Amino acid sequence: MKIARYILSRFAKAIVVLLGIVVLNFCLIHAAPGDPAAVMAGEAGAADEIFLQQLREKFGLDQPFHVQLWNYVSGILQFDLGYSYRQEAPVLDLILDRLPATLLLTGSAFFISIGLGILAGAMAAVRVGSWADTAITTLALLFYATPLFWVALMGILLFSVQLGWLPAFGMETVGGGYTGFARWLDIAHHLILPALTLGLFFTAIYTRMARASMLETSGEDFVKTARAKGLTEGKITRRHVMRNAMLPVVTLAGLQAGQIVGGAVLTETVFAWPGIGRLMFDALLQRDYNLLLGVFLISSAMVLLFNLITDLIYLIVDPRIELAK
Amino acid sequence: MKRLLVGALGAALLATASVATIASAAPKSGGTINVVIQPEPPSLMLGITQNGPTQMVAGNIYESLLRYDTDLNPQPSLAKSWEVSDDGLTYTFKLQEGVTWHDGAPFTSADVVFTADTFLRETHPRFRVSLAHVESITAPDDHTVVFKLKNPFGPFLGIFEAGTMPMIPKHIYEGTDYANNPMNATPIGTGPFKFKEWEKGSYIHLVKNEDYYIEGQPYLDDIYWQVIPDAASRAVAFETGKVDVLPGGSVENFDIPRLTAMDGVCATDKGWEYFAPHAWLWLNNREGPTSEVKFRQAIMYAMDREFVRDVIWNGFGNVATGPVSSKTRFYSDDVTQYNYDPDKAKALLEEIGYDGTPVRILPLPYGETWQRWGEAVKQNLEEVGINTEIVATDVAGWNQKVSEWDYDLAFTYLYQYGDPALGVARTYISSNIAKGSPWNNVQGYANPKVDELFAEAAVLADEGQRQELYTQVQQKLVDDVPVAWTLELSFPTIYRCDVKDLVQTAIGVNDGFKDAWLDR
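In the order they appear, the protein sequences are chains L and F. Using my numbering, read the first sequence as starting at 1 and increasing by one per residue. Using my numbering, read the second sequence as starting at 1 and increasing by one per residue.
The set of hints was computed from the structure by calculation and includes no laboratory data. Just so you know, not all the hints are guaranteed correct.
The list that follows gives simulated cross-link-like pairs (lysine-lysine, DSSO-like), each with its CA atoms no further than 27 Å apart [said to hold, decoys possible]: (1) LYS58(L) <-> LYS500(F); (2) LYS58(L) <-> LYS150(F); (3) LYS80(F) <-> LYS58(L); (4) LYS94(F) <-> LYS150(F); (5) LYS200(F) <-> LYS80(F); (6) LYS170(F) <-> LYS346(F); (7) LYS148(F) <-> LYS80(F); (8) LYS476(F) <-> LYS28(F); (9) LYS58(L) <-> LYS344(F); (10) LYS294(F) <-> LYS28(F); (11) LYS294(F) <-> LYS94(F); (12) LYS150(F) <-> LYS80(F).
Fair warning: this is a prediction, and the values are worked out from it, not measured in the lab.
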């Protein structure tokens with residue numbers, strides 16, 4: 001009961017925050033120089049006054065700013081994300097069309113980084129000062145500090161150009177004609193490089209965080225007690241240290257999960273992955289207002305949602321945390 | 001430096017060699033070709049969307065009445081023959097027989113009339129300018145179309161190109177809301193390839209039109225246009241054999257020598273003659289130091305344009321001598337020459353007593369090459385004592401700054417469309433001064449003599465007379481330096497040498513893969 005009330009109140013607050021985000025985003029994007037009509041006219045290589053006027057009328061850009069804002073917000077309140085005039089399709093359709101590719105990429109990267117990160121962090125923590133610890137922390141620092149696009153390009157250079165093992169771009173072999181399981185294999189083959197590239201940065205963060213958090217926890221009194229009780233080191237690590245050390249990791253995972261739907265602009269661009277990050281980046285350059293705002297809205301909704309989920313997971317992981325009366 | 005030039009030269013030689021072998025070989029049918037497309041086009045309906053990538057893909061789907069060889073001579077396409085009356089007022093086209101739309105409906109003169117007189121009049125700003133000279137368009141029979149003009153219009157025979165006048169199916173569009181017609185998503189043309197599938201963000205798939213009116217053509221079975229947003233990744237895609245053709249401008253210039261040095265790779269700078277992309281710096285003629293003619297002349301002397309061509313453009317392109325490209329009709333080199341001469345620039349600046357007021361340079365936000373070019377010009381200008389600052393923008397911001405006249409020097413390049421009346425006059429005539437568009441006379445140059453010469457030359461039928469007037473206008477403009485011309489750009493098409501007959505006309509790969517075949 002208490003938890004249901006808690007969730008409801010969090011949702012109510014989230015909606016207010018979301019509306020604030022919508023209005024703020026709307027103002028920000030309209031403050032950027034240029035408008036979609038000028039961009040489209042520019043691409044046509046010629047424009048006269050009539051043509052620009054036609055486009056502005058079509059986009060509703062000829063109306064006063066507050067009217068445009070009102071139209072947009074009232075559309076959002078009716079769950080209508082609007083229409084992308086540039087792509088000539090409803091915004092929601094465009095986003096849903098790209099969502100699977102993005103979820104596959106960011107989701108894989110998410111699980112790779114959590115899995116690898118916690119594993120590596122734990123390995124380093126239980127063998128502090130060993131050569132394994134040194135190797136892991138050095139690598140983690142390296143990946144944490146290396147720009148993503150550079151890792152991506154080096155990955156392509158090594159695994160695609162030099163060794164020829166992995167495809168350099170795209171989500172599947174164009175014209176490959178694969179179906180069923182063969183198609184999934186093909187997609188998986190294409191997924192390896194981008195997912196690893198995107199995952200590496202977060203892996204590094206999880207590794208460092210899990211290691212530090214575990215070292216801190218293993219110095220606590222209850223761990224000494226467990227050891228005094230005669231529990232095996234394995235049991236102590238798994239049952240006592242790990243569980244308590246996971247709280248900061250969960251926080252970080254919540255933050256990362258919130259970004260899953262937003263896509264990964266850099267990775268998607270370098271690997272020509274047809275996801276939402278690229279959709280958003282193109283929309284920004286083309287001043288495709290509705291599409292850009294739509295992506296922003298959905299990603300901010302996801303961040304809010306995952307913040308809530310993170311808070312709920314806290315309750316499970318650490319029974320000491322209770323809901324306020 | 002030397003190596004770069006050798007690379008470019010080698011590429012040019014390879015291209016020549018491949019042209020020589022084409023002539024003797026008989027085309028083979030079959031095969032799939034992969035081509036890079038960037039950026040992803042917003043739509044493939046060429047009658048509504050006229051941007052570059054749209055034309056590049058849709059040039060396979062839609063056709064016009066004529067094509068143009070690399071010397072800009074008209075060639076048959078959907079029109080098999082044409083006649084121009086002696087007074088230059090009546091153009092009669094005979095259409096090919098047996099042409100069908102991709103949905104099986106016959107293509108007739110009614111489609112031509114609908115396209116030119118109704119559809120494009122509403123949707124195509126560049127076409128409207130030419131249409132203003134037309135009095136009537138009629139179809140005396142199913143395979144004849146007659147254009148009657150109000151006055152002779154010199155470049156008229158040059159507007160029957162697929163991007164300017166793509167034929168639109170009347171039976172699909174008549175009486176509909178063109179922009180929202182659902183058929184825009186599955187375009188229907190008469191072209192050699194049909195639309196098959198568009199996986200947004202990944203690729204566009206076109207297939208052979210089995211009912212094409214030329215027996216045996218096209219030769220290819222499938223074309224995949226691959227959307228690869230990153231320039232470095234596009235180069236890798238070509239290197240690893242995933243794509244066969246990199247249309248001009250697909251990769252950064254500094255990657256070109258490396259790619260063309262690969263085995264079995266050819267390059268050609270042909271196929272841009274109709275567009276003749278011409279680059280210059282807009283100079284704000286209204287205010288600031290650039291409002292003074294001698295300051296503008298000083299800029300022309302200060303820029304080392306050969307260095308830019310040789311280093312930043314890897315030897316591709318030519319130094320521009322004035323407003324008309326040497327590839328465009330009525331070009332004249334009988335004009336004042338501005339060779340790189342920093343001393344002359346300094347002398348001019350001294351003469352006008354330039355006080356060091358800084359000028360803002362707005363590079364074109366089209367990637368690394370243009371960024372470097374901006375820096376080169378900055379360095380050149382500072383060497384002669386002009387203070388500069390570079391202003392960074394994205395495309396939308398660039399558009400706004402230029403069309404609101406908020407700049408001192410701004411990079412750009414524009415197409416010339418084969419004739420000064422179509423692609424040159426628009427930049428210099430005073431009736432084209434209006435805020436809100438980055439493609440008109442944004443520098444604010446007004447000269448009644450120039451207006452008069454352009455107006456007169458456009459409506460003459462006699463080529464000799466036109467040449468005379470255009471030579472005069474070029475001389476006048478080059479002396480006034482309303483803008484600082486830089487290069488006649490060249491965007492080499494890079495392809496595997498076993499792709500034959502790829503670039504056949506003055507618009508290159510934009511004209512579709514009608515003649516292309518694979519020697520595999």
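Next on the checklist: Next pair to validate is LYS58(L) with LYS150(F); report whether the Cα-Cα distance is within 27 Å.
Outcome noted: 33 Å, violated
Next on the checklist: With the threshold set at 27 Å, check whether the alpha-carbon distance from LYS80(F) to LYS58(L) stays at or below it.
Outcome noted: Distance ~39 Å between LYS80(F) and LYS58(L) Cα, so the pair is violated.
Checklist entry - Between LYS200(F) and LYS80(F), is the straight-line Cα distance small enough, at 27 Å or below? => result With a Cα-Cα distance of about 37 Å, the restraint between LYS200(F) and LYS80(F) is violated, given a limit of 27 Å.
Item to check | Pairwise hint evaluation, LYS150(F) against LYS94(F), where the allowed Cα distance is 27 Å at most | outcome: 21 Å, holds
Checklist entry - CA of LYS294(F) to CA of LYS28(F), is that 27 Å or under? => result Violated. LYS294(F) to LYS28(F) sits at ~59 Å, over the 27 Å cutoff.
Checklist entry - Is LYS148(F) close enough to LYS80(F), meaning Cα to Cα at most 27 Å? => result At roughly 19 Å apart (the allowed maximum being 27 Å), LYS80(F) and LYS148(F) satisfy the hint.
Next on the checklist: Hinted pair, alpha-carbon criterion (27 Å max): LYS476(F), LYS28(F). Please report holds or violated.
Outcome noted: Answer violated: LYS476(F) to LYS28(F) is near 52 Å, above 27 Å.
Item to check | Restraint status (C-alpha distance of LYS58(L) to LYS500(F) at most 27 Å) | outcome: Roughly 44 Å between the alpha carbons, so the hint for LYS58(L) and LYS500(F) is violated.
Checklist entry - Between LYS150(F) and LYS80(F), does the CA-CA distance stay at or below 27 Å? => result Given that 27 Å is the threshold and the Cα spacing comes to 25 Å, the pair holds.
Item to check | 27 Å Cα cutoff - pair LYS58(L), LYS344(F) | outcome: 52 Å, violated
Checklist entry - Given the hint that LYS170(F) pairs with LYS346(F), does the C-alpha gap stay at or below 27 Å? => result 61 Å, violated
Next on the checklist: Run the distance test for LYS294(F) versus LYS94(F): straight-line Cα separation, threshold 27 Å.
Outcome noted: 53 Å, violated
The structure fails hints 1, 2, 3, 5, 6, 8, 9, 10, 11 (numbered hints given earlier, in ascending order).
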